[in-house]
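*Asks:* These are the residues of each chain, in order.
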Amino acid sequence: MNRRHFTLAAVAALFACAASSSQAADIDYGKPGTPVKLVVGYQPYYTQSWSGVVMRGKKFYEKYLPKGSDIEFQIGLQGAIIVNNMLAGKQNIGYMGDMPSIVSTTKTEVADVRLVANLGLAYDQCNAFLVRNDAPQFKNDQEAIRWLAGKTVAVPKGSCTDRFAQATFKRFNIQPKEYLNQNIEVITSNFRAGKLDAAVMWQPTTSRLVDEGLARLIATGKSVQENDGGFLAMRADLIKQRPDIVKAWLQAELDAQLFIADPKNASEVIKMAKEQTTGFSEKVLWNSLYGRYPDSAGGGDMRNMMHYTFTPEARELINRAAAFLYSIKSINTEKIRPEAIESKWTEEILKERGLKAPIAEIKALPAAQAPK
Amino acid sequence: MEAAATANGAGDDAAALLRETTPFGEASGALLARIARLARPARYGAGTRLYSPDDPADDIFVVASGRVEHVLDPQIGAREAVKRVTRGGVFGWTGLLLGQEHRMATVTALEPTQVLRINTEELIRLLSSEPQEGEHVMERFVSMIQREFTVPALLARVRRLSGPLTEEMSTASLTMYRMSLWLKSPRPYLMFIGFALFLGFWYLAVEIWRLPRFREMPGLTVVVKEWLSPNPTYGLSLYTEEYYQHILVSIWRVTKAFFLATVLGVTFGLLLGWSRAFKEYVFPVFEMLRPIPILAWVPLAIVMFIATESAVVYLAFLASFFATALNTMLGVESIDESYIRAADCLGANRRQVFRHVILPGALPFIFTGLQISIGVSWFSLVAAEMVSGQYGLGYVINTSYVMVRYPTIVIGMVTLGIVGYITSAMVRIAGDYMMEWRVRELALSER
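So the protein sequences, as listed, match chains A and B. Residues in the first sequence are numbered from 206 upward in steps of one, following my numbering. Residues in the second sequence are numbered from 521 upward in steps of one, following my numbering.
No lab work stands behind these hints, which were simulated from the structure alone. Wrong hints could be hidden among the right ones.
Said to hold, decoys possible - Here are the simulated lysine to any residue pairs, SDA-like style, with alpha carbons at most 25 Å apart: (1) A:Lys-469 <-> A:Ala-572; (2) A:Lys-312 <-> B:Ile-728; (3) A:Lys-445 <-> B:Leu-731; (4) A:Lys-469 <-> A:Lys-577; (5) A:Lys-540 <-> B:Gly-755; (6) A:Lys-356 <-> B:Glu-829; (7) B:Lys-776 <-> B:Arg-948; (8) A:Lys-375 <-> A:Gln-430; (9) A:Lys-382 <-> B:Leu-768; (10) A:Lys-479 <-> A:Arg-397; (11) A:Lys-312 <-> B:Met-737; (12) A:Lys-540 <-> B:Thr-753; (13) A:Lys-534 <-> B:Tyr-911; (14) A:Lys-356 <-> B:Tyr-911; (15) A:Lys-312 <-> B:Pro-732; (16) A:Lys-242 <-> B:Pro-732; (17) A:Lys-356 <-> B:Val-818; (18) A:Lys-312 <-> B:Arg-733; (19) A:Lys-356 <-> B:Val-823; (20) A:Lys-382 <-> B:Val-823; (21) A:Lys-540 <-> A:Pro-517; (22) B:Lys-745 <-> B:Ile-767; (23) A:Lys-540 <-> B:Asn-751; (24) A:Lys-445 <-> B:Arg-733; (25) A:Lys-295 <-> B:Val-726; (26) A:Lys-534 <-> B:Tyr-764; (27) A:Lys-295 <-> B:Met-737.
Generate coordinates for the entire structure from the input sequences, incorporating the hints supplied.
*Replies:* Listed below in structure tokens is the structure:
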């Protein structure tokens with residue numbers, strides 16, 4: 206093949222590719238009732254989305270999905286990875302914290318992603334202030350928060366931790382000396398190096414840092430009545446083509462949430478979480494979801510409220526978080542579009558099963574029940 | 521009248537002969553005529569010795585007919601010491617070399633030989649009066665001495681033509697010469713076509729054809745619109761002060777990292793190449809550390825350095841240091857042993873060999889290493905600025921990824937690419953000025 210023929214062939218191939226791609230549409234999930242292949246992104250390193258851990262471990266979906274369906278779980282170290290994969294069509298379902306969930310619904314120019322269920326609302330899953338271990342001993346969370354004025358504080362920017370930290374500073378009218386954007390790995394190393402005064406972290410990393418003696422928990426969202434949440438997202442093309450799959454998955458999700466909230470299952474949940482993560486002991490994982498922190502540090506009896514559907518509290522959180530993301534120029538809209546929240550599926554399932562939201566509550570368990 | 525005509529005819533013959541030679545072959549007719557007027561014909565019988573080493577280097581010889589044997593002193597270190605010179609060949613050029621006043625070869629006529637003799641000092645004066653062309657002739661001499669007589673580059677350094685214009689020409693005009701060659705070549709136009717094709721493909725693939733795996737990417741118009749927007753959706757554009765703050769912070773960090781990498785990397789590389797014992801101690805550890813990715817160093821850098829900024833600079837420095845040190849070492853190792861032997865023969869001590877042979881000999885490799893080094897420093901920046909927590913182009917890219925701000929990611933990438941390209945070009949220009957001899961060689965060979 207001479208050079209001219211090669212060039213012509215290359216141009217022809219390019220146009221053929223263009224022609225075929227212009228006909229390419231959404232992902233094809235098959236006809237309703239037929240087996241489906243799904244890729245699920247989930248965050249075992251974020252306790253509030255552990256119904257994904259239970260789904261993977263207990264395979265509740267097998268009871269509801271068409272026989273022969275193929276489900277692959279992929280771990281996302283943070284929500285942004287799952288958002289990117291969902292937008293790119295590499296994952297179809299995503300278990301995420303509130304901020305990445307909201308971001309995923311705003312990139313319609315790339316792909317339409319919608320929220321279909323709530324994974325829980327809490328005060329300390331994401332909203333937990335840690336200080337270096339040699340910080341002064343505080344009488345209570347209020348005094349501890351005031352101490353943060355003029356200190357070096359780090360958060361992963363754009364995450365729930367950022368929202369919580371900024372809301373806390375505003376509420377107490379304090380300003381840190383430096384407010385750094387660092388990921389949780391860098392924050393951990395910085396605590397180890399003694400370079401940070403404080404940081405906001407999410408579970409189970411919060412519990413690990415406390416357990417390792419690198420940092421102390423001083424306040425949570427309960428201290429300033431600022432909650433956090435997790436949501437289940439699906440690509441709109443899946444919702445449109447396979448309503449049967451959406452419903453089946455959400456039936457299984459309901460089972461998973463009920464399972465996780467039952468204290469009898471705590472040790473089994475922790476074992477599954479241990480299997481699906483690395484670097485966390487069972488005790489740390491247990492503390493992150495079932496442990497009880499002192500009231501003086503923002504602890505409480507309720508660790509996670511399983512709303513399942515989009516209750517007014519869940520919607521209020523979404524609106525507040527979206528406004529925050531817009532204010533820091535992370536998203537291009539102050540409110541997410543109404544169709545991005547598909548509550549009809551969960552509402553229908555709750556009705557069918559005679560349940561009301563919130564469906565369950567994860568209560569803090571006595572320390573005696575913690576794994577040794 | 522007749523005598524004048526004869527003289528003119530002899531001058532034409534001499535000019536024609538000079539035209540056949542390497543050094544004068546590209547000179548203008550006017551210059552050749554002037555050089556021809558300096559030429560004095562001479563005849564030598566077979567077996568006659570024209571000159572020997574240590575004779576004064578007074579004339580340059582151009583062979584008109586016959587054949588001579590040119591034997592360079594072995595101490596010179598020429599790859600081929602013996603050379604037969606026939607019509608058009610030029611010898612006796614020692615007087616043109618820096619610091620050489622005596623012959624370095626023995627030349628004997630192998631058969632009856634006619635030559636033109638040109639006094640070296642008169643030739644230098646004449647060439648100095650036409651600096652632009654004169655410099656070119658001198659460069660052709662360098663080229664001939666190195667290529668035809670296989671003399672090491674270290675020795676084949678010619679005297680500079682006097683006068684400020686010549687000095688100026690040796691730097692600025694050669695750069696201009698290279699620039700004019702570049703503009704006359706298809707390269708700049710191909711470069712623009714390359715950019716146009718890249719941008720065109722980006723636009724078509726993402727926004728018009730919406731090719732699989734491309735349609736999810738941010739389109740060209742979206743990125744350009746955001747970049748040029750006075751009120752950017754994601755907070756970063758040419759109109760925001762923050763944008764320039766990120767650039768300046770990154771440039772400052774890379775400058776510090778690059779400076780450290782250059783000082784430490786060149787020193788370390790020279791030692792590695794120069795001292796076998798040092799290399800045997802250190803090189804295995806160096807090679808073990810070199811492939812470790814920058815990301816793996818992040819936690820250790822945080823713990824190792826008290827100041828956050830030091831950790832960032834260290835991370836940007838690390839890969840640059842390895843690139844510089846390795847290239848410097850290879851540069852030292854690439855120096856032909858004969859250069860060192862030649863310097864030894866000329867009485868240079870170890871320090872002088874290092875200063876005049878090793879260092880200049882390794883410079884091309886060092887500057888190649890520095891160009892790689894500055895690039896490496898820029899692409900280490902994304903990992904390095906993960907630690908920074910506030911500013912920098914790497915920080916912008918990393919944060920935008922976490923916050924899923926695709927247009928800002930591309931703005932950060934393109935800006936980093938442009939700034940990286942400019943700094944790389946600056947290093948290249950600095951290298952050209954420090955290695956003029958090499959630039960001239962490249963310019964003459966139209967590269």
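*Asks:* What are the numbers of the hints that this structure violates, sorted from low to high?
*Replies:* none
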